[in-house]
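Undergrad: Here this note's numbering = 1-based position in the sequence shown + 441.
It is worth saying that the hints were derived from the structure and are not from the lab.
Hints may be right or wrong, so weigh each one.
What the hints assert, rightly or not - Using 20 Å as the maximum straight-line C-alpha spacing, the simulated DMTMM-like pairs for lysine to aspartate or glutamate come out as follows:
| # | residue 1 | residue 2 |
| --- | --- | --- |
| 1 | K467 | D529 |
| 2 | K677 | E647 |
| 3 | K626 | E680 |
| 4 | K467 | E514 |
| 5 | K648 | E680 |
| 6 | K477 | E647 |
| 7 | K522 | E464 |
| 8 | K467 | E537 |
| 9 | K501 | E523 |
| 10 | K486 | E464 |
| 11 | K597 | E560 |
| 12 | K477 | E537 |
| 13 | K522 | E537 |
| 14 | K562 | E685 |
| 15 | K562 | E576 |
| 16 | K562 | E487 |
| 17 | K599 | E560 |
| 18 | K501 | E487 |
| 19 | K501 | E560 |
| 20 | K492 | D554 |
| 21 | K599 | D554 |
| 22 | K648 | E666 |
| 23 | K501 | D554 |
| 24 | K599 | D529 |
| 25 | K562 | E537 |
| 26 | K477 | E487 |
| 27 | K501 | E471 |
| 28 | K477 | E697 |
Unchecked claim - FRET-style restraints, in silico, Cβ to Cβ:
| # | residue 1 | residue 2 | range |
| --- | --- | --- | --- |
| 29 | K501 | G466 | 34 to 44 Å |
| 30 | G468 | K559 | 39 to 49 Å |
| 31 | L525 | E685 | 35 to 45 Å |
C-beta atoms are modelled at their ideal positions from N, C-alpha and C, and glycine is treated no differently.
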Amino acid sequence: MGFIRENNMTTLLFSHPKCIEHETGKGHPESPERLKAVLSGLDEKEFWSLKRREATIINKSKINLVHTSEYVERILDSVPKEGLLNLDADTIVSDESGEASMRAAGAVVDAVDSVISKEAKNAFCAVRPPGHHAESSRAMGFCIFNSVAIGAYHAKIKHQLDRVAVIDFDVHHGNGTQDIFYENKNVLFISTHQYPYYPGTGSEQEKGKFNNIFNIPLPAGISSEEYLNVFERVLKRLEEFNPEFILISAGFDAHEDD
């Protein structure tokens, strides 16, 4: 969900301070500083026209569209009152992580509603923890709830859309989002990512039950021109699918300056 410059169109920015309060420990690569850097950039003059909204806390029934109820309760019950807790070797929660996760997913649902209702032309969700590695019953890779998958299902169910596309650009493959939509013919998942690399998924052979998964694995160190050419393939696949709604799962970690 990107930015546009036309004065007669509105871009909404969804975020919340709780997303910064999600702590992962000293030296962890998914730190509050990542979101602080994004928000600092969005404070620059060229973005002053953005309409800003606080992300709401998502209703658990929306999370259950994507994640099992047992998983959701286990995650929320595991949030420590103080200190840090490892869900796995990489994924860590602190006392504010439960609310941060629910506001991150809530931001995407709010954004979907705002765009479909024509309150905004598009929206950008500056939130954390991230989500695209989270599977239906498993946290991994810093991710707890799969916010973009929740948003896609919300668009389909509440707004009765038939075709929703999710585009994921990141140095890592969005295995969780792929897993959730692998057998859903009404959702097209496109991922550009370094391969082979963590989490080890994302080959071109992973196409989904209905040919609805389109992976574009890339070698490390490709040029900007080569990377932009990849998106010609993305656009062609989008045109073939003809989505009614597009969500972009944006991972700002693929470029050396990210």
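Undergrad: Does each hint hold? Answer for all of them.
TA: Verification of the supplied hints:
no.: 1; hint: K467 x D529; verdict: holds (17 Å)
no.: 2; hint: K677 x E647; verdict: holds (19 Å)
no.: 3; hint: K626 x E680; verdict: holds (16 Å)
no.: 4; hint: K467 x E514; verdict: violated (27 Å)
no.: 5; hint: K648 x E680; verdict: holds (17 Å)
no.: 6; hint: K477 x E647; verdict: violated (35 Å)
no.: 7; hint: K522 x E464; verdict: holds (13 Å)
no.: 8; hint: K467 x E537; verdict: holds (16 Å)
no.: 9; hint: K501 x E523; verdict: violated (23 Å)
no.: 10; hint: K486 x E464; verdict: violated (29 Å)
no.: 11; hint: K597 x E560; verdict: holds (19 Å)
no.: 12; hint: K477 x E537; verdict: holds (16 Å)
no.: 13; hint: K522 x E537; verdict: holds (9 Å)
no.: 14; hint: K562 x E685; verdict: holds (14 Å)
no.: 15; hint: K562 x E576; verdict: violated (30 Å)
no.: 16; hint: K562 x E487; verdict: holds (18 Å)
no.: 17; hint: K599 x E560; verdict: holds (17 Å)
no.: 18; hint: K501 x E487; verdict: violated (36 Å)
no.: 19; hint: K501 x E560; verdict: violated (25 Å)
no.: 20; hint: K492 x D554; verdict: holds (15 Å)
no.: 21; hint: K599 x D554; verdict: holds (9 Å)
no.: 22; hint: K648 x E666; verdict: violated (26 Å)
no.: 23; hint: K501 x D554; verdict: holds (17 Å)
no.: 24; hint: K599 x D529; verdict: violated (33 Å)
no.: 25; hint: K562 x E537; verdict: violated (32 Å)
no.: 26; hint: K477 x E487; verdict: holds (18 Å)
no.: 27; hint: K501 x E471; verdict: violated (24 Å)
no.: 28; hint: K477 x E697; verdict: holds (18 Å)
no.: 29; hint: K501 x G466: 34 to 44 Å; verdict: violated (27 Å)
no.: 30; hint: G468 x K559: 39 to 49 Å; verdict: holds (44 Å)
no.: 31; hint: L525 x E685: 35 to 45 Å; verdict: holds (41 Å)
The structure is inconsistent with the numbered hints 4, 6, 9, 10, 15, 18, 19, 22, 24, 25, 27, 29, although it conforms to all the rest.
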